[in-house]
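Please build the complex by placing chain P with the ligands on the supplied structure of chain D, with the hints as guidance.
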Amino acid sequence: MALVKIKIDGKELEAEEGKTILKVAQANGIEIPTLCDHAALLPFGGCRLCVVQAGPGALKPACATPIASNMEVVTDSSEIREARMMVLQLLFGERNHYCMVCESTGQCELQDLGYKLGLDHFEFFPYEKRFSEDVTHPYILVDQNRCILCRRCVRACADVGGHWVLGVKNRGYESLIDIDMDAPFNDSSCTSCGLCVQVCPTGALVDKRASYLGRKDQADLILSRCDRCPVGCGLEVYRRSNYILKIYGDWNCPTNGGVTCRLSRYAPLYDERPRLSTPKLKEAGVWTPASAEKTARWMAGKLINAEVVVEGSLSNEDLAALKSLFGERVFSLQDVAPPLPATAKLQDLADADTYLVIGVDLNREYGTVGSLIKRRTIPGTAKLILVDDGFNSLAASTDFVFSMEDLDSALAEARKGRKVVIVYSHLRETVAEALRAESQFLRLFLPYESNTLGLAQAGIGPHIAADSERTVFFVGENLRDLKSRVRGATLVALTPFETDEVKAADLIVPIPAVFESEGSFISMDGELLRKERILEPGEGVRSVSAWVALVEAQRLQSVVAKGKQGGSQ
Amino acid sequence: MERIRILKKFEPKRENLLLLLHALQKNNRQNYLMEEDLKSAAQYLSLPPSLVHGAATFYSMYSLKPRGQYIVRICQSPPCHQMGSSDLIEEASRALGVEVGETTPDGLFTLETSECLGICGVAPAMTVNEEVHGNLTPERVRAIFSEKRRAK
Ligand code: SF4
Ligand code: SF4
Ligand code: SF4
Ligand code: FES
Numbered sequence: 002m003a004l005v006k007i008k009i010d011g012k013e014l015e016a017e018e019g020k021t022i023l024k025v026a027q028a029n030g031i032e033i034p035t036l037c038d039h040a041a042l043l044p045f046g047g048c049r050l051c052v053v054q055a056g057p058g059a060l061k062p063a064c065a066t067p068i069a070s071n072m073e074v075v076t077d078s079s080e081i082r083e084a085r086m087m088v089l090q091l092l093f094g095e096r097n098h099y100c101m102v103c104e105s106t107g108q109c110e111l112q113d114l115g116y117k118l119g120l121d122h123f124e125f126f127p128y129e130k131r132f133s134e135d136v137t138h139p140y141i142l143v144d145q146n147r148c149i150l151c152r153r154c155v156r157a158c159a160d161v162g163g164h165w166v167l168g169v170k171n172r173g174y175e176s177l178i179d180i181d182m183d184a185p186f187n188d189s190s191c192t193s194c195g196l197c198v199q200v201c202p203t204g205a206l207v208d209k210r211a212s213y214l215g216r217k218d219q220a221d222l223i224l225s226r227c228d229r230c231p232v233g234c235g236l237e238v239y240r241r242s243n244y245i246l247k248i249y250g251d252w253n254c255p256t257n258g259g260v261t262c263r264l265s266r267y268a269p270l271y272d273e274r275p276r277l278s279t280p281k282l283k284e285a286g287v288w289t290p291a292s293a294e295k296t297a298r299w300m301a302g303k304l305i306n307a308e309v310v311v312e313g314s315l316s317n318e319d320l321a322a323l324k325s326l327f328g329e330r331v332f333s334l335q336d337v338a339p340p341l342p343a344t345a346k347l348q349d350l351a352d353a354d355t356y357l358v359i360g361v362d363l364n365r366e367y368g369t370v371g372s373l374i375k376r377r378t379i380p381g382t383a384k385l386i387l388v389d390d391g392f393n394s395l396a397a398s399t400d401f402v403f404s405m406e407d408l409d410s411a412l413a414e415a416r417k418g419r420k421v422v423i424v425y426s427h428l429r430e431t432v433a434e435a436l437r438a439e440s441q442f443l444r445l446f447l448p449y450e451s452n453t454l455g456l457a458q459a460g461i462g463p464h465i466a467a468d469s470e471r472t473v474f475f476v477g478e479n480l481r482d483l484k485s486r487v488r489g490a491t492l493v494a495l496t497p498f499e500t501d502e503v504k505a506a507d508l509i510v511p512i513p514a515v516f517e518s519e520g521s522f523i524s525m526d527g528e529l530l531r532k533e534r535i536l537e538p539g540e541g542v543r544s545v546s547a548w549v550a551l552v553e554a555q556r557l558q559s560v561v562a563k564g565k566q567g568g569s570q
Numbered sequence: 003m004e005r006i007r008i009l010k011k012f013e014p015k016r017e018n019l020l021l022l023l024h025a026l027q028k029n030n031r032q033n034y035l036m037e038e039d040l041k042s043a044a045q046y047l048s049l050p051p052s053l054v055h056g057a058a059t060f061y062s063m064y065s066l067k068p069r070g071q072y073i074v075r076i077c078q079s080p081p082c083h084q085m086g087s088s089d090l091i092e093e094a095s096r097a098l099g100v101e102v103g104e105t106t107p108d109g110l111f112t113l114e115t116s117e118c119l120g121i122c123g124v125a126p127a128m129t130v131n132e133e134v135h136g137n138l139t140p141e142r143v144r145a146i147f148s149e150k151r152r153a154k
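Residue numbers (the numbering used here), protein chains in the order written: chain D, 2 to 570; chain P, 3 to 154.
Hints are computed from structural coordinates only; laboratory data are not their basis. Just so you know, not all the hints are guaranteed correct.
To be verified - Partner residues are not named here, just some residues of chain D that face chain P (Cβ under 8 angstroms, in silico):
id: 1; residue: TRP165
id: 2; residue: VAL166
id: 3; residue: LEU167
id: 4; residue: GLY168
id: 5; residue: LYS170
id: 6; residue: ASN171
id: 7; residue: ARG172
id: 8; residue: ASP179
id: 9; residue: ILE180
id: 10; residue: ASP181
id: 11; residue: MET182
id: 12; residue: ASP183
id: 13; residue: ILE379
id: 14; residue: GLY381
id: 15; residue: ASP400
Claimed, not checked - A few chain P residues that don't get close to chain D, going by computed Cβ distances all over 10 angstroms:
id: 16; residue: LYS10
id: 17; residue: ARG31
id: 18; residue: GLU37
id: 19; residue: PRO68
id: 20; residue: GLU93
id: 21; residue: SER95
id: 22; residue: VAL134
id: 23; residue: GLU141
Remember, it's a predicted structure, so these values are computed and weren't measured experimentally. Backbone N, C-alpha and C fix where the C-beta goes; we use that ideal spot for every residue, glycine too.
If we strip away everything but chain D, and leave its shape as in the complex, we get (with noise of 0.2 angstroms):
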């Protein structure tokens, strides 16, 4: 675009016609005062905080005017101030904002504002009508008497999120957000993304969870990536002391731009299995709590011909770790390799125009997947055709729907595209067969678990069910039937959560849960991303890296015991 020359409060700047006067201003280090505006959403123009003079006539909001060669802005005066008040004046008077009782006092770009405008009184009498909230959604709480009508969050849902949940209904003074039609929350389209949340501006949204426990401000931020999923998106961590305030997702990560999911955001902080905090030894039947030693020296004592068996979503570091105590016998509980070999990253979807899901649900797993998708085709810019057996939520977003059975017409209907990506995880070989004849098809494999190709790299194939005499070590975060797996032998958990399920061994060991360990894994894209670790897990809580080093120096220590034994005999 061509650079015109324009002035902000006499001050002379180059900038690229069609960009908007506020941009332009920012990038200049010129504040205007905003409130609808967010950098991550379209310009909208609603709330008329940002107004400015720009040329002759009424003062233009500077979020939603492009600027023109030779413009004249100016962005303080005493007619800009007095509509700046009026509209916070109009703001407040309306809904309920006595600060003090709401959650986002202190962390409210509205409160921020009256501030820094200087609202000093209140103009109208406030708050006359009451509305309802809604607190059915298990994660976010909705108060409507705080909502200023930005319609951030119906932006953020619709053209990032891509689900198209939020809406306004009725008009004027009665304007409320609306989820799908009128419906309570919990029983709504929500995929609990979050992202709404996340944008909201004032306590109108707000994290059930984050509720009193602290500011944004008061607490740490670390950028880190999710390990829920091999998307890997970046996270905003704000952690207060030993919790978690809140998890955002990073607007500056060129994964995922901001959006996660529910498995990222939401459900590792309301994982409620009862934690594993010390070593465990079942003597006699009896389950007995075990030093860290006594655990390392009796694990030391089975290595002989043992295996381990793991997640998928163990680090790169504890691969390598177990790899060094168990030689090769290092074994994947799932599938490694993928049905068909990828051919597509993330990106190949900003411009796809045919995507051909195969039985995914991409509102539930690898939920920045389906954002990236729905976000283009829910307005009609790509095609989204599903094929699954079973309920399959996308199902909802799209006219094209078939089952496996009726994969042909599938196929037929995505021939019609120009650049066509099939996303798929697990496949029926049929199914599989019949995508291979279609190779002019981008091919996005999902991986099944979060360093699935970490575990593929460093040549660790699945584990073959079989009846042992051996010892069997599991390690993971959801292990269950572990004596399906394995009959007759003796069996060793390492894992965060005692449920009944990894009673099955006859050791338990803790580990860190998700947010209590650093490592790296491999994304879907083949990229080395890093999680941080953000708590401190408790006392005898010790990473998988660190029992190996324990379980190595009983080792060594018994062979040098009975070298000492026959170097006295």
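For chain P with the ligands alone, kept in the frame of chain D given last:
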């Protein structure tokens, strides 16, 4: 199904939403949009439900509650107000035995108010379904209601 037949009269383009909602509402014996109407419109036009519901609640010509066979809308914009439309509203309310926004128990009339009908030259004015009546007096209003009752 009836609903599908109505939908099919329109091209499935989003700009047809308002027309389509009108057609669905008109087809309803109680002059309102049922949840199923909104859902099927959303599906037919491939629009998110919240958007369709938002439009249906924004425009006052749509109702999401059952209404009477005749929708009486009395203009309350300034010109009609000047010419005495508040008396008309009172009279209509008395004659029908309902408040504004309500429907008579026999399901015949719903009383509503409206913003400018664009016929200020004949203020005060009202509409009864698609019919327009101007230069009204309380007596005329009563007479119109009686006509409708007889026509039933
Ligand atoms: S949590 Fe996500 S899907 Fe649910 S309403 Fe908010 S933005 Fe939309
Ligand atoms: S809920 Fe929050 S983000 Fe949504 S319109 Fe209201 S104030 Fe804005
Ligand atoms: S899509 Fe995957 S990586 Fe992104 S937030 Fe959800 S679980 Fe985490
Ligand atoms: S920030 Fe510009 S109108 Fe709201």
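Quick rundown of the hints versus the structure:
Of the supplied interface hints, the one on TRP165(D) holds, with its beta-carbon coming within about 3 angstroms of a beta-carbon of chain P, less than 8 angstroms. Annotation: interface hint on VAL166(D) holds; nearest CB of chain P at approximately 6 angstroms, less than 8 angstroms. Because the smallest distance between the Cβ of LEU167(D) and any Cβ of chain P comes to about 6 angstroms, under 8 angstroms, the interface hint for this residue holds. Of the supplied interface hints, the one on GLY168(D) holds, with its beta-carbon coming within about 3 angstroms of a beta-carbon of chain P, less than 8 angstroms.
Restraint check, LYS170(D) versus chain P: the minimum CB separation of about 4 angstroms is within 8 angstroms; hint holds. Because the beta carbon of ASN171(D) sits about 5 angstroms from the nearest beta carbon in chain P, less than 8 angstroms, this interface hint is met. At its closest, the beta carbon of ARG172(D) sits 5 angstroms from a beta carbon of chain P; the interface hint therefore holds under the 8 angstroms criterion. The closest approach between the C-beta of ASP179(D) and any C-beta of chain P is roughly 5 angstroms, which is under the 8 angstroms cut-off, so the hint is satisfied.
Against a cut-off of 8 angstroms between C-beta atoms, the interface hint on ILE180(D) holds, since the closest Cβ of chain P lies about 7 angstroms away. This hint holds: ASP181(D) has a C-beta 5 angstroms from the nearest C-beta of chain P, less than the 8 angstroms allowed. The interface hint given for MET182(D) holds, since its Cβ lies 4 angstroms from the closest Cβ of chain P, which is under the 8 angstroms cut-off. The interface hint given for ASP183(D) is met, as the beta carbon of that residue sits about 6 angstroms from the closest beta carbon of chain P, less than 8 angstroms.
The beta carbon of ILE379(D) comes within 7 angstroms of a beta carbon in chain P, closer than 8 angstroms, and the hint placing it at the interface holds. This hint holds: GLY381(D) has a C-beta 7 angstroms from the nearest C-beta of chain P, less than the 8 angstroms allowed. Taking 8 angstroms as the C-beta cut-off, the interface hint given for ASP400(D) holds, the closest approach to chain P being about 7 angstroms. With a minimum CB-CB distance of about 15 angstroms to chain D, LYS10(P) clears the 10 angstroms threshold, and the non-interface call stands.
No beta-carbon of chain D is positioned within 10 angstroms of the beta-carbon of ARG31(P); the least distance is around 22 angstroms. The beta carbon of GLU37(P) sits about 6 angstroms from the closest Cβ of chain D, which is not more than 10 angstroms, so the claim that it is off the interface is violated. Consistency note on PRO68(P): stated as away from chain D, and its beta-carbon is indeed over 10 angstroms from all of that chain's, at 16 angstroms minimum. In this structure GLU93(P) is separated from chain D by more than 10 angstroms, as the shortest Cβ-Cβ distance comes to about 27 angstroms.
For SER95(P), the condition that its CB be more than 10 angstroms from all CB atoms of chain D holds, with the nearest at approximately 22 angstroms. Non-interface status of VAL134(P) relative to chain D is upheld: no Cβ of that chain comes within 10 angstroms, the nearest being about 24 angstroms off. Here GLU141(P) stays apart from chain D, with its beta-carbon at least about 34 angstroms from theirs, past the 10 angstroms limit.
The structure fails hint 18 only (numbered hints given earlier).
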